[in-house]
Structures are given as C-alpha cells and as structure tokens.
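K.L.:
Chains as they are written, first to last, in the working numbering: chain A, 1 to 806; chain B, 1 to 287; chain C, 1 to 166.
The hints are simulated quantities; they were obtained by calculation from the structure and are not laboratory data.
All values derive from a computational prediction rather than experimental measurement.
Please note that the accuracy of each hint is not assured.
[Said to hold, decoys possible] Subject to a maximum C-alpha distance of 25 Å in a straight line, what follows is the list of computed SDA-like cross-link-like pairs (lysine to any residue): (1) B/Lys90 x B/His137; (2) A/Lys801 x B/Pro240; (3) A/Lys738 x C/Leu18; (4) A/Lys801 x B/Gln245.
[To be verified] Some, not all, of what chain A presents toward chain C, calculated at C-beta under 7 Å: (5) Phe30; (6) Thr31; (7) Gly33; (8) Glu215; (9) Pro262; (10) Gly265; (11) Ala462; (12) Gln525; (13) Ala593; (14) Leu596; (15) Gly722; (16) Ser724; (17) Val734; (18) Thr736; (19) Trp739.
Even glycine gets a Cβ: it sits at the ideal position worked out from N, Cα and C.
Spelled out from the first residue to the last, the chains are:
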Amino acid sequence: MNETTLTAEQRTERLQGLGCKRKRVEDIRFTQGKGNYVDDLKLPGMLYGDFVRTPYGHARIKNIDASKAKALPGVVAVLTAADLKPLNLHYMPTLAGDVQAVLAEEKVLFQNQEVAFVIAEERYIAADAVELVEVEYEALPVLVDPLKAMAADAPVLREDLKDKTDGAHGKRKHHNHVFNWEIGDREATDMAFKKAEVSIKEHIVYQRVHPCPLETCQCVASFDKVRGELTLWGTFQAPHVIRTVASLISKIPEHKIHVIAPDIGGGFGNKVGAYPGYICSVVASIVTGRPVKWVEDRIENLSATAFARDYHMQTEIAATRDGTVTGLRVYTIADHGAFDACADPSKWPAGFFNIVTGSYDFPAAHVSVDGVYSNKAPGGVAYRCSFRVTEAAYCIERAMDILAQKLGMDPAELRLKNFVRREQFPYQSALGWEYDSGDYHTAMRKVMDAVGYDKLRAEQKARQEAFRRGETRELMGIGVAFFTEIVGAGPSRNCDILGIAMFDSAEIRIHPTGAVIARLGTKSQGQGHETTYAQIIASELGLPADDIAVEEGNTDTAPYGLGTYGSRSTPVSGAATAMAARKIRAKAQMIAAFMLEVHDDDLEWDIDRFRVKGNPEQFKTMKEIAWAAYNRVPPGMEPGLEAVSYYDPPNMTYPFGAYICVVDVDVDTGETKVRRFYALDDCGTRINPMIIEGQIHGGLTEAFGIAMGQEIRYDEAGNVTGPSLMDYFLPTAVETPKWETDWTTTPSPHHPIGAKGVGESPNVGGVPCFANAVNDAFKFLGSTHIAMPHDNWRTWTAAEKLGLHG
Amino acid sequence: MIPGAFAYHRPKTLNEAVALLFDLGEEARPLAGGHSLVPMMKLRLATPEHLVDLGDIADLKGVQADGGDLVIGAMTTQHELIANALLGTKIPILRETSLVIADPQVRYVGTLGGNVANGDPGNDMPAVMMCLNAVYHAVGKAGERRIAAREFYQGAYFTALEPGEILSRIRIPVPAAGHGYAYQKLKRKVGDYATAAAAVVLTKAGDRIATCSIGLTNVAETPLWAEEAARLLVGSTLEPAAVKQAVAAAEAITAPATDNRGPAAYRTKMAGVMLARALARAAAHAA
Amino acid sequence: MAKSHVTMKVNGKPVEALVEPRTLLIHFLREQLNLTGPHIGCDTSHCGACTVDLDGKSVKSCTVFAVQAEGADILTIEGMASPDGTLHVLQEAFREMHGLQCGFCTPGMIMRAYRLLQEIPAPSEEDIRAGIAGNLCRCTGYQNIVKAIQYAAAKINGVPFREAAE
C-alpha cells in the first residue's frame with residue numbers, strides 16, 4: 001500500500017481529523033499519574049504560604065500581632081496590608097473595574113477574607129503559624145441580603161469608595177451600589193405590557209453557587225533576583241492576561257514575566273481571575289528571594305474564591321391570549337459580594353445577560369441590572385456559563401413555563417409557537433444580539449419524538465389522578481428547556497478584558513519530516529485541546545493528528561490569547577487554528593506547484609495532498625511539501641512552513657439545545673428521582689463526538705448539582721454555611737442520573753469550520769430543565785414557582801405549603 | 001487541612017493501651033479507624049497531644065458467639081462487618097446499616113467501635129445498638145465494665161465512657177429467628193449523615209406485632225431509643241392509626257438541629273416518615 | 001516534635017523514612033516519595049482523589065497518618081503499569097472509554113476501581129456506581145467512568161464488552 005493506492009476513506013481515516021472520536025492524547029499521562037499540576041511542582045528552596053483569614057463577616061481590624069507566628073522556627077515572614085501598601089499592592093484591580101483587597105487593611109468585608117500571609121519553610125509549619133497570628137476585631141453590622149443593600153439605612157461596606165459616585169460602569173446611586181446596566185427599548189416594552197392580554201410576573205432567584213473544580217486554586221512564584229525575572233506557575237485559565245496584569249501591578253516588564261499554566265484540574269471559571277494568593281506569593285518570592293508555593297484548601301476555595309450567580313431577577317412576560325409573546329422585562333439585583341471581581345468583558349458588567357430573550361422572538365424587551373455590594377465573598381464568575389448566560393437561560397425558561405401555565409398551554413407548545421424561525425437567521429434580538437444560525441423547531445421536535453412526549457404527558461395525567469385518589473404519594477414532572485446561549489467572546493468592537501481585545505490565536509509550525517507543533521492562546525482544564533486542536537489541523541493540513549503536538553499555557557511560547565472560559569476556545573482559537581492552517585496551506589500550494597512544475601491554479605486540494613486538476617496521479621502530499629519547504633522553495637520565497645493567526649471573531653456564536661427530563665418526586669420526603677434526561681445539543685460542526693459527549697455528561701452533572709442542592713449561603717451574622725464538601729452538594733455516581741445525548745448540526749456561518757463551542761451548553765440548559773421538571777410536578781396543584789435548589793427539604797416544604805401532608 | 005502536632009503510640013495489647021491512656025491523661029485520645037477523629041484534627045477542632053493507635057491489638061478484633069449473644073470486637077471495620085456471614089445471618093440489620101454508612105473507602109477503615117463510641121449524633125450505629133439493646137464492654141485502669149447502649153449516650157460527643165476507658169467489645173443479643181428489621185436512612189447523597197434515620201427490629205405473632213424496638217439517628221443531640229413509640233405498636237397489625245400514633249410519639253422525642261439538611265421541623269417529620277417506612281419494611285421481612 | 005521512623009512497601013519497593021507523627025500519608029507519598037499521582041481535592045475526606053490501595057483496602061490517604069501505615073503494602077497509580085511499561089487494563093480502559101477529562105480524580109478513581117474489581121469481578125452498573133461513590137468527579141458525570149470499569153471487567157474476565165447503542 002502506498003500513497004497512490006490508498007482510498008480517500010483510508011486517507012481521511014488515518015488523519016483522525018474533524019469528526020473522529022479520536023482517543024485523547026492527555027490520557028496517556030493522566031492515567032499514569034504523570035500529570036503536571038501546580039502542587040506537583042517542587043523547586044529547590046521553595047517556601048510555603050498560607051493565609052490568616054477572618055472569622056467575621058464585617059469588622060474593623062484593631063490590631064494584628066504576628067509576633068508569635070514570626071517566632072515559630074521555620075517561619076520566614078508574615079505579610080500584612082502594611083507590608084503591601086508601600087508597593088501599592090494591598091489592593092489589586094479586578095477584571096470588572098473595581099479593586100479587591102489583597103490583604104485586609106482597615107476592615108474585613110467577608111468571612112474568610114485574607115488578613116495576613118504566612119511564609120514558612122514547610123507547609124505544616126505555615127499551618128501552625130497561621131494559628132499563632134492574633135487579630136483583634138471590632139464587629140460591624142452585617143449585610144447579606146442584596147435586596148436590602150440599597151436601603152437608606154444599609155451599613156457602609158466599601159469605605160474606600162465612600163465618596164466615589166462614579167463607578168467603573170457609570171454613576172453609583174448608593175454607597176453599596178456598584179453599577180446600573182440597561183439595555184433594550186424601555187418605551188416599546190412598557191407599551192407591550194400596557195397592551196398585554198396576558199402577563200406574568202415572578203421573582204426568580206438563581207442562588208449563589210461555586211464552580212468547585214476538584215483541584216483548588218494554587219501557584220508557585222519564583223523571582224530571580226539576578227535576572228530580575230518572575231516565573232509564575234499557576235491554575236490560570238487565562239495565563240497571558242495574568243502576565244499582563246502582573247506586569248502592570250508589579251512594574252516588572254512583561255518580557256521578564258514568565259507565566260506558565262501547567263495541567264489544571266478543572267476550572268469551570270473559578271480560575272480565570274487573579275487571587276490574593278497569587279499576589280502574595282509573588283511579593284513573598286521577591287521579598288525572600290526564594291520560590292513560594294501557595295495551595296488553598298477546599299474550605300478556602302469555596303468561601304473566598306470567585307462564586308457564581310446570586311442573581312435576583314424580577315421577570316415579566318407580556319403575551320397575547322393565544323400565546324404569542326410580545327414583551328419581556330427583567331429587573332435584576334446582582335450580588336457581587338464585597339468587591340466586584342466579576343470576570344466579564346469590561347464593557348459588560350452584567351455579562352451577556354441580555355441573551356435573556358433566549359430562543360424566542362420577542363419584539364420588545366428591556367433589561368436593567370443593578371449590581372450591589374454585600375458582606376460575602378467577591379465575584380462573580382462564569383461557572384460553566386459564559387458571562388451570566390446561565391442566569392439568563394434559567395430566567396427565561398422558568399418564565400416561559402410560568403406563562404404556559406397561566407395560558408393553560410403545554411410548555412413545549414408555547415415554545416414551538418414563539419421560537420425564532422429558521423428563516424429569521426441571522427436574527428437580531430430585541431436586546432441587541434445577532435444570533436448566527438439556528439433551527440429550533442427541528443431540534444425541539446426531534447427531542448419530543450425521542451422521548452415520546454405526548455405519551456409522557458398522558459402518563460402524567462394518569463398519575464395525577466392516581467395521586468388525587470390517594471393511590472400514590474409520588475408526583476411526576478416533565479421538564480422542558482430550550483436554550484440559546486452566546487459564547488465565543490468576542491469581537492474586538494465590543495469585547496475586551498482590561499482593554500485587551502478578545503481575539504485569540506494559534507501558531508502552527510510544520511517540521512521538515514511533516515510533524516507539527518501548534519501553540520494556542522487558550523488553556524484547557526480538561527476539555528482535551530491537545531486532542532481536538534490537532535484534529536482541526538489534521539483536517540486542514542492533511543497530516544495525521546498523531547503527528548501534531550499541541551501546547552498551551554506557556555506565555556513565553558504561546559501567542560497571546562485571552563484564555564479558556566465562556567466556551568470560547570473552539571469559536572475563537574479554533575478559528576485561529578483553521579486560519580493559520582489555511583495560511584500554511586496557501587504557501588504549501590505554491591511550493592507544490594513549483595515541485596510539480598505547474599501553475600498554482602492548476603492544483604486542487606484533496607484530503608492530504610495537492611493534485612493537478614484533471615491529472616490526479618500528479619500530486620504532492622503535505623508531508624512531501626514539508627520536506628521541500630526546508631530545502632527547495634520557489635525563488636523569492638522564504639523557506640519554512642508555519643503561520644500564526646490572531647483571530648478577531650466577527651460575532652459570537654450561538655449554540656442551542658433542547659432538553660427534556662422526567663422526574664418523580666416523593667412528596668413525603670421531598671426527594672426527587674430523575675427517571676430520564678434527554679439532551680439534544682447543536683454546537684455546529686462537531687470536532688470530536690466522544691469529547692462532546694463527555695462535555696455534555698459533565699455539564700449536565702454540574703447542572704444537576706446546582707438545580708438539586710448547591711448553594712453558598714450566608715446567615716444573618718455573615719457566616720458562610722457549609723463551605724466544605726460535607727455540605728456543598730457534589731453528586732456521586734449514585735445520585736447522578738444517566739444521560740442520553742443527541743444532536744443536530746447547524747453550522748455557524750461566520751466560523752471557518754462552522755463550529756460553535758459546546759462545553760457550557762449543558763449547564764445552561766440543564767439547570768432550567770431540572771427546575772422546570774420539579775416545578776412541573778406540582779403545577780396541577782396550583783404551584784407556579786418553587787425556587788432552586790430543589791433539595792429535599794425545600795421540595796418537601798413546597799409540598800407542605802400546598803397542603804399535601806394532610 | 002493540616003493537623004496539630006502530637007506524639008504517636010502503638011501498643012500491642014489492650015492492657016498496654018489502657019495503661020498508656022491512663023499515664024498520658026486527658027490530652028491522649030485512642031485512635032481506631034480515625035475517620036471521625038482525623039478529619040476533626042485536620043480542621044483543628046480536635047487537638048490531642050497524644051494518639052494511642054489501637055490497630056495492632058488483636059484482642060479488639062473478631063466476632064464470636066457467646067450464649068445468646070454475638071460479641072464483636074470494637075476494631076472490627078464496617079467492611080469486615082458487612083462481609084461477616086454470621087452477623088449477616090443472625091443480625092442482618094447491621095449489614096444493612098453498615099452499607100449506608102459513608103462510602104467504600106471509609107468503610108474499609110472505619111470501625112464499629114469508633115462509630116458507637118464517638119458520641120457524634122450523626123453516627124448510624126448507635127441508634128441501631130439501642131434498638132438491639134446492645135451492651136458495650138469498656139476497659140479502663142479499674143478493669144472492665146459493661147454499659148447498656150441505651151444508657152451510654154449523654155449529649156453530643158458526651159458518652160458514659162470515662163477518660164482513659166476504651167470500648168473493647170460490643171455485645172448484641174441475637175434477635176429471634178424470623179425477626180423483621182430495617183434501617184431507613186434519609187440522606188442528601190451517599191456519604192452524608194442522616195437527615196433522619198430509623199432502626200426497627202420487630203417480631204410478629206401471626207398478624208400482630210409481638211415485640212418492637214425503635215432507634216432514631218441524628219434527630220437529637222444523642223441517638224434516641226423510641227420506647228414509647230415501640231410500645232404503642234405492640235399488639236397492633238401496624239394499621240394506619242397505630243402507625244400514626246407511633247410516629248407522633250417518635251416525633252415528640254426528637255429535637256434535631258437545623259442545618260443544611262433542613263430545618264428542625266422538617267427533620268422531625270422525616271424521623272416520622274423514616275419510622276413508618278422502616279416499620280413497613282421490617283414487617284414485610286418478618287416471618 | 002521528634003520524628004518517627006516508618007518502613008513500608010510502596011509500589012513493590014521497600015521504603016524507609018523519617019516523618020512527623022502528624023504527617024498525612026498523602027503528603028508522605030507526594031512530598032517525600034515524589035509520587036504525585038494521588039491528589040488532594042478537599043479537606044473533609046469526601047472527594048477520594050487521594051485514594052490508594054493499602055493492604056488490599058481502598059483507603060483515602062489524606063485521612064491516615066504515615067505512621068499508621070507502618071509495615072503496610074501500598075499501591076498507588078504509579079505502580080499500576082508493569083515494569084516494562086504495559087498499562088494496566090484499567091488505565092487502557094479509562095482512555096478507551098473517555099473516562100477522564102482534567103485527570104485530577106483519575107488516579108484515585110483507578111485505584112478504587114482496581115480494588116472494586118477484586119471485590120466484585122463482574123459488577124453490575126449499580127455495583128459500580130455504589131463502588132465508586134467515595135470518588136468525586138467534576139468533569140465526566142461518571143457515565144464514561146462506569147463504561148471504563150465495565151470495559152476493564154470484561155477484558156479481565158475474557159468476555160466481550162458490549163457498549164450501549166449510541
């Protein structure tokens with residue numbers, strides 16, 4: 001068998017390119033325990049840092065006495081705000097245009113806020129030293145209810161902002177106000193509501209949760225005094241951004257900062273921003289002249305690093321009597337905790353919440369979001385959700401169900417009636433987004449057929465009657481959710497992180513023997529980029545994926561990128577990868593033409609080779625071209641075969657999906673069993689179906705956790721209740737339902753390979769699907785909205801309120 | 001995450017262990033499986049200066065028949081308990097309970113003695129022991145004494161064990177052949193403590209309940225033996241009215257904590273629901 | 001605090017070291033023996049990322065002191081492949097069935113699966129899910145982990161592995 005006798009199928013197959021269930025490259029080291037995570041790193045002379053944290057939710061610091069800690073053998077230093085202030089590092093800028101205390105100066109604003117940083121020879125000594133630092137506090141009144149944050153008598157939280165009426169996003173109307181953000185046509189929307197034949201109004205709360213990746217946040221900082229260079233390893237989803245920020249705040253020139261994100265044990269948005277641990281480690285390394293490692297423990301992670309959600313959404317829909325929606329109005333209070341450390345593109349303080357019109361053709365809509373401060377951990381962040389998209393999807397999907405109930409319509413019918421139609425794409429939403437492509441009706445009908453929707457409704461009716469007769473104590477619920485999400489941030493005209501446009505990048509170099517190395521500006525934390533980017537390149541360049549090495553995370557070698565979160569890798573860096581590959585292929589075409597002694601235009605590309613049009617036995621494979629690129633190129637052409645692309649996406653992408661789930665609720669305990677969950681996702685072109693399926697399973701499991709039990713809750717005194725895995729609901733393999741996955745493929749018209757991204761879709765659609773299912777179980781008894789999480793005791797309480805316990 | 005410092009001792013015999021605990025005094029704790037103590041030490045909620053590891057003491061292992069009782073060494077792990085054929089046949093409620101304690105790894109190491117002696121209201125075995133009328137053998141400097149499980153629990157983390165005493169054996173009278181049993185545990189997920197749990201052991205005479213014993217887990221500062229609730233069921237056929245009475249009697253003695261598992265009122269109600277379901281399952285088992 | 005002398009066998013090799021009594025086994029393995037396969041994912045003994053096989057038992061090494069493991073025979077993920085580099089069937093299975101994503105839970109998960117298959121050589125799906133209930137994963141949703149263990153069990157038992165229809 002040689003190059004002339006292989007069939008097209010065989011040549012395609014051996015590439016393991018787009019569409020293949022290629023086995024993952026990463027697995028070889030992970031299954032052998034040879035991953036390279038931050039805490040695996042050991043450097044000679046390395047010290048360990050650990051935080052002293054406050055037990056108070058709001059208090060003035062009267063005194064910090066670190067003398068006993070400093071006297072402990074093995075303790076090298078103890079940093080407080082007083083040590084950071086001369087370096088102007090006691091506060092750090094956040095991605096949202098606010099500042100966050102690195103170490104508390106005059107007051108503490110949330111329980112477990114960082115107060116001092118102990119540096120010691122050993123991890124265990126640092127832990128002992130933390131216990132020896134004595135801090136005196138004077139308690140202050142605590143504010144944990146965001147709906148009370150802007151009351152006239154609300155306590156002042158941010159004294160550093162006391163007289164600043166100009167916030168990062170406009171005027172602040174109260175000392176606890178962060179920003180107001182408004183979008184849409186208020187007048188038109190008000191008119192729609194005035195004329196509405198039917199309307200619904202509901203206060204919909206998406207509770208505070210936390211991404212909780214299995215590996216906590218950590219770093220190793222090593223400052224080389226001789227060279228004046230800083231190397232910083234860390235759990236960074238956006239390593240280049242960390243480097244730029246580190247340079248801006250430390251004044252170390254950017255070329256002397258080497259940020260490396262090695263293997264990361266899950267991110268889910270928790271590892272996008274910078275944390276006091278990173279800053280303190282860098283300062284500690286500079287001060288001690290030795291590497292410093294900081295590894296937070298789980299309780300620290302859950303109680304002090306970026307939370308997600310905490311959105312309180314007053315939601316209204318106006319509609320005609322026959323179920324056509326005419327207007328959407330959402331007024332949101334967003335609790336940002338003590339500092340607005342929200343990881344959003346800078347012009348979007350409420351992220352892309354204006355995707356809240358969802359999959360429906362609203363002629364008019366208006367959204368207003370007020371961010372407020374509270375005595376809670378700072379943030380929020382996109383927990384597998386692309387900038388408030390989960391909040392928006394939960395909001396609209398619950399609201400549509402509530403509307404369906406009021407109209408006496410089936411929730412699937414209401415959706416089918418109001419979907420944006422295929423012909424309307426690209427679709428201009430009433431809140432300013434241009435949805436790239438979609439075919440919602442096909443997806444919805446496919447899912448309804450797959451689960452036998454009408455039969456399920458008939459079964460539900462029968463069971464409801466049985467319940468009324470006292471024959472069963474279980475309620476059956478059918479949850480329907482159809483989401484459209486917005487990912488792939490984003491076009492430079494409206495997306496930037498701290499002023500850096502949200503393009504992304506790929507650099508590809510082909511070696512003489514046809515092997516390839518590619519470096520990307522994104523950073524996988526489990527999404528399998530080493531495997532999938534190689535597949536894109538394999539299909540574009542006709543070289544086997546196994547011959548393509550993919551690297552991410554080393555800011556010295558990788559071209560600048562904005563990192564991986566918000567499902568942006570495939571849409572942006574994936575596009576850059578295709579574009580860089582095409583630049584290479586264009587050059588390869590010229591080399592091939594030269595080798596074959598024909599004109600460039602006489603050649604056509606076929607899987608892995610250029611062949612002469614009409615004369616297919618005359619060809620040059622990319623492998624042959626690679627060799628030639630290094631020893632015989634056309635006159636006037638540079639040798640080598642490589643390219644870099646910085647891709648500024650023309651638009652976001654809009655994956656969508658239809659999910660249906662069936663639950664059975666035990667009315668007497670409040671337990672919910674998930675009988676079936678069917679998820680259809682459309683992410684455009686599917687790069688690796690195996691990996692897509694894995695992403696859906698994982699995202700649905702996170703959605704299940706959120707909908708059914710996760711919460712980061714604060715009591716009146718500002719204590720965070722349950723910030724450990726004893727209480728934070730991470731389902732085991734026993735509780736986790738079995739997932740059925742399906743797909744349609746509606747490519748993105750503006751993306752080089754038509755791909756949209758998929759990692760976050762299941763979390764976006766999964767949460768409302770579960771929530772709608774539980775709510776659906778109680779509808780026939782008159783219930784309109786039960787808030788998440790749907791843990792046992794809350795579901796039981798809903799049943800109690802409906803008088804179901806006799 | 002990092003415990004405080006301590007000195008570690010590993011005696012070979014029970015007498016050695018007792019002597020060590022006596023000599024080292026209040027700052028010494030016995031170490032069994034460690035899966036309650038070590039997590040507390042890692043959070044620095046417990047800071048013993050000495051740990052006396054009981055792991056090498058052969059006397060604390062094994063399951064023996066003794067008259068009408070089965071006697072279980074305190075260092076028997078949950079895993080060994082589940083695998084033990086004698087216990088599985090004679091006192092099957094133990095295996096059923098053990099299987100809903102924690103997770104597989106914890107069960108490999110966690111001991112029956114630790115689970116019953118800790119005094120943590122969340123532990124599952126204490127209520128089962130009260131239900132079975134178990135007797136604990138405690139060994140101290142003054143010798144061995146026996147304490148009824150029903151008299152052992154005094155408050156959260158407060159038991160009748162004196163400082164320096166080690167729980168060495170758990171003696172359980174074997175329930176009558178053909179008895180019905182159930183341990184019904186409501187929990188948020190595998191590995192969680194009970195939101196509420198009920199242990200039931202009963203025998204029937206024809207259709208009627210001849211004997212009944214009920215234990216409740218994690219709905220008060222101690223495990224509860226619901227004596228009155230059980231008494232109300234004797235002679236009944238577990239008809240709804242009788243069960244309702246028993247449930248009310250059980251609810252009346254609960255005083256659960258409000259925590260992330262739910263408000264106290266909910267947990268009280270769940271004790272009742274678990275009891276009703278345990279009764280139904282136990283009755284179905286009974287000959 | 002004076003250090004204690006410990007000896008044990010780890011991945012087939014005898015090991016001798018000085019540790020503080022309070023040194024957790026996970027830290028001993030990771031820091032002193034440089035076996036960074038087992039990971040730390042929590043502080044309350046819930047996540048199972050630290051799971052090793054100790055004297056034939058699946059044990060969370062974060063909840064055991066190194067001194068308690070005196071004389072023990074410990075197997076970690078690093079000891080699963082043969083000396084010639086041949087992967088254990090479980091390691092192969094996890095890759096084959098896409099039973100991992102970020103890889104952080106994987107060493108603990110594989111070590112637990114190893115012991116589970118000794119306990120129950122032909123486990124049902126329910127057995128597997130209950131069997132790995134002490135190991136949390138945030139990435140995979142467990143479904144492909146279950147498949148991986150089923151695949152490995154089939155291979156070990158010499159029976160065909162039937163994957164559920166797509």
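K.L.:
Going back to the hint list, which numbers does this structure go against?
P.N.:
The structure breaks hints 3, 9, 11, 13, 14 and 15; every other hint is satisfied.
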